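Kindly generate the complete structure, drawing on both the sequences and the hints.
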Amino acid sequence: MKKTLFALSVYVAGLVLIFFQPAFGQGEYEFDLSEIEKEIEKKPYYIGGFLEFRPVLFGLDRDSAFHKLRFFDQDKGSTLEQYNFGLRLEGGYQKGIASVYFRTDSVLWYDYQGWDGDIDLLEGYLSLKPGPSFTLDAGKKVVQWGKGYAFNAVNFVSRPKDPDDPTEPVEGYYLAVADWIKSFGGHLKTLAFTPVILPVTKSINDKFGKPDHINFAAKLYFLLWDTDLDLLFLTGESRTTRYGLDFARNITANFAVHGEFAWLPGFDKKSIDSEGHLYTEKSDILKYLFGIRYLTTNDMTFIIEYYHNGAGLDGEDADNFYRFVDRAYDTYLSTGNSSELDRAAQLSQGSLSTAKPMRDYLYFRAGWNEPFDILYFTPAVFSIINLNDRSLSITPELLYKPITNLEFRLRGAFLVGGKDTEYGEKLNDYKIELRVRYFF
Amino acid sequence: MIKLLSMILMCLCLSVPVYSDDGNAILKKVDRNLNPDSFEMYRKLINIEPDGSKKEFIMFTVKKGRDQVASVFLSPASEKGRATLRLGENMWLYIPNVGKPIRITSLQSVTGGIFNNADIMRLDYSLIPNKIECFASSGMLIKTLYFKRVQDFGGGIVRPAVIETDSPLHKGYRSIMIFAKMKKKELPDEVFTLNFLSKVESLR
Chain A
1 MKKTLFALSV
11 YVAGLVLIFF
21 QPAFGQGEYE
31 FDLSEIEKEI
41 EKKPYYIGGF
51 LEFRPVLFGL
61 DRDSAFHKLR
71 FFDQDKGSTL
81 EQYNFGLRLE
91 GGYQKGIASV
101 YFRTDSVLWY
111 DYQGWDGDID
121 LLEGYLSLKP
131 GPSFTLDAGK
141 KVVQWGKGYA
151 FNAVNFVSRP
161 KDPDDPTEPV
171 EGYYLAVADW
181 IKSFGGHLKT
191 LAFTPVILPV
201 TKSINDKFGK
211 PDHINFAAKL
221 YFLLWDTDLD
231 LLFLTGESRT
241 TRYGLDFARN
251 ITANFAVHGE
261 FAWLPGFDKK
271 SIDSEGHLYT
281 EKSDILKYLF
291 GIRYLTTNDM
301 TFIIEYYHNG
311 AGLDGEDADN
321 FYRFVDRAYD
331 TYLSTGNSSE
341 LDRAAQLSQG
351 SLSTAKPMRD
361 YLYFRAGWNE
371 PFDILYFTPA
381 VFSIINLNDR
391 SLSITPELLY
401 KPITNLEFRL
411 RGAFLVGGKD
421 TEYGEKLNDY
431 KIELRVRYFF
Chain B
1 MIKLLSMILM
11 CLCLSVPVYS
21 DDGNAILKKV
31 DRNLNPDSFE
41 MYRKLINIEP
51 DGSKKEFIMF
61 TVKKGRDQVA
71 SVFLSPASEK
81 GRATLRLGEN
91 MWLYIPNVGK
101 PIRITSLQSV
111 TGGIFNNADI
121 MRLDYSLIPN
131 KIECFASSGM
141 LIKTLYFKRV
151 QDFGGGIVRP
161 AVIETDSPLH
171 KGYRSIMIFA
181 KMKKKELPDE
191 VFTLNFLSKV
201 ESLR
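Chains as they are written, first to last, in my numbering: chain A, 1 to 440; chain B, 1 to 204.
No more than 27 Å apart at the CA atoms, straight line, and that leaves these computed lysine-lysine pairs for DSS-like:
| # | chain 1 | residue 1 | chain 2 | residue 2 |
| --- | --- | --- | --- | --- |
| 1 | B | Lys100 | A | Lys182 |
| 2 | B | Lys183 | A | Lys38 |
| 3 | A | Lys43 | B | Lys183 |
| 4 | A | Lys42 | B | Lys184 |
| 5 | B | Lys185 | A | Lys95 |
| 6 | B | Lys185 | A | Lys189 |
| 7 | A | Lys43 | B | Lys199 |
| 8 | A | Lys189 | B | Lys199 |
| 9 | B | Lys199 | A | Lys95 |
| 10 | A | Lys38 | B | Lys184 |
| 11 | B | Lys199 | A | Lys129 |
| 12 | A | Lys95 | B | Lys183 |
| 13 | A | Lys42 | B | Lys80 |
| 14 | A | Lys38 | B | Lys148 |
| 15 | B | Lys64 | A | Lys38 |
| 16 | B | Lys100 | A | Lys207 |
| 17 | B | Lys185 | A | Lys182 |
| 18 | B | Lys80 | A | Lys43 |
| 19 | A | Lys42 | B | Lys54 |
| 20 | B | Lys64 | A | Lys42 |
| 21 | B | Lys183 | A | Lys182 |
| 22 | B | Lys131 | B | Lys183 |
| 23 | B | Lys185 | A | Lys38 |
| 24 | A | Lys129 | B | Lys183 |
| 25 | B | Lys199 | A | Lys140 |
| 26 | A | Lys189 | B | Lys100 |
| 27 | A | Lys95 | B | Lys100 |
| 28 | B | Lys184 | A | Lys95 |
| 29 | B | Lys100 | A | Lys43 |
| 30 | B | Lys80 | A | Lys95 |
| 31 | B | Lys80 | A | Lys38 |
| 32 | A | Lys43 | B | Lys185 |
| 33 | A | Lys43 | B | Lys181 |
| 34 | B | Lys199 | A | Lys42 |
| 35 | A | Lys356 | B | Lys100 |
| 36 | A | Lys42 | B | Lys181 |
Honestly, the hints are just simulated from the structure, not real lab data. Everything numeric in this text was worked out from a predicted model, so none of it was measured.
Quick look at the structure:
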């Protein structure tokens, strides 16, 4: 009884202490609620974006295939510098159920070739939202499908993202897309249907595929048993018909899994012979990926993804290409004739121009949020491993946002690989990049 | 006034689990809905550094029932449009640049500072505590939440308008969350879906 009373007394004393102590020992924070209410007042329009400065240092690999292709007739030394100045501008206007949105990228850069620049409309579309259950968008828009972080197998109606910078936006396609959503109780919580119409002409969406066709795609989404599930397809004459499935699920509060599968029957699969000739044959292709996201107790996030691209080049194709480049370079050195090198360069801009042209890749990323109690600081390291030729890139990165709207990112990409491997034959051995962004 | 007094009294009498090994567990234990079933609100999050410099974030949030919450950052410009959705144990993050929602672990931090996701996404407290201390399993104090300025938002919504946080791990730093324009709003379930996450701001 005495023990109980003692415990109760301690408890009540603690409670009173907590309640009456100057709980706000650091002083009251003064604010004016009406000022905050003014800040949050909604305007029908907005405009924003960022200014960017991004100097890059490339450490060239003078023996690599891509160095031979690019600099066979000039000596650029062992390093190259590039200075990039960018402006991202985006804005929108909303009136009733209608709204418009745009996003542009303007880039000016200086490198060994002098000054150059580019302006791209990444997105620009009209959106109609009569209610939360239905949306209709038309114009240039990015429609990203798939659950992968670095790779995607089922992104049927968007350009592929860059696995080295997967959170950067890509350019959209001109299309019309609707979104119909229905929620339920029970195990099936959400059902959503997203049809897409994507025309291709010689002047619109010409990079998508064969011109003068209208293509149709759709995604059916379920949130079923706390699992995201998508069934997807694309059909039309611009690209071969393809079917997809993806999923994502939290296994525990700090562990999530995801995956994607795509089947492309009758796909025009490319291969390269040792003479540098490109062959196409019809083949049924499977692409898939599996990934996990894991958060540790000290706020480190690990992302691991395995990606198989059945449409990618196999080891023999890659070997044939690199040998062809070597022979073309030798021919140039002995005769001064660069026509074979020009042909190899064209070949590289086709089949080998995708970010990751081969078949099997492993992506690994570890990021530590605010380590050692340093606020707004996130160091990370990521690696992309070509499992077919065992070459890889490894990229440490420091991200710091010291003051509002100012962001610094310093990263160095180091490429590791022997002769006739993807990373061993790239233009550079390493790349060091500082990116400073001021948002407005 | 009587309502306020009765709440303060309730706080004094009922704030039992003030100390515990798990701060989030405390918040769950004291969970009783004092908010309307379906509502919208704005929150200003201010991180103050030892030298007095500040980082401010403004979020628009909609909530329905006990486990449907969607939030979107309205400012600063660097975070604008970044949105999160919690549906039961499922959580997604939408980053405008990425263009699609990504399923994240529900413990993932969405923004820097002393407030974590649990603090940002949790809106209900069964009583209005004066202070909550969160300890690591080792017994180390991680942070303290102070609940202040109990305010009548109208429509029967009475709750603290300010939550402050400090942490011995970040000496001299503190975070303040100010609640504003909290009001009842009929929200269909379709608002709390993956497909609608990029459009949450259009509800304002």
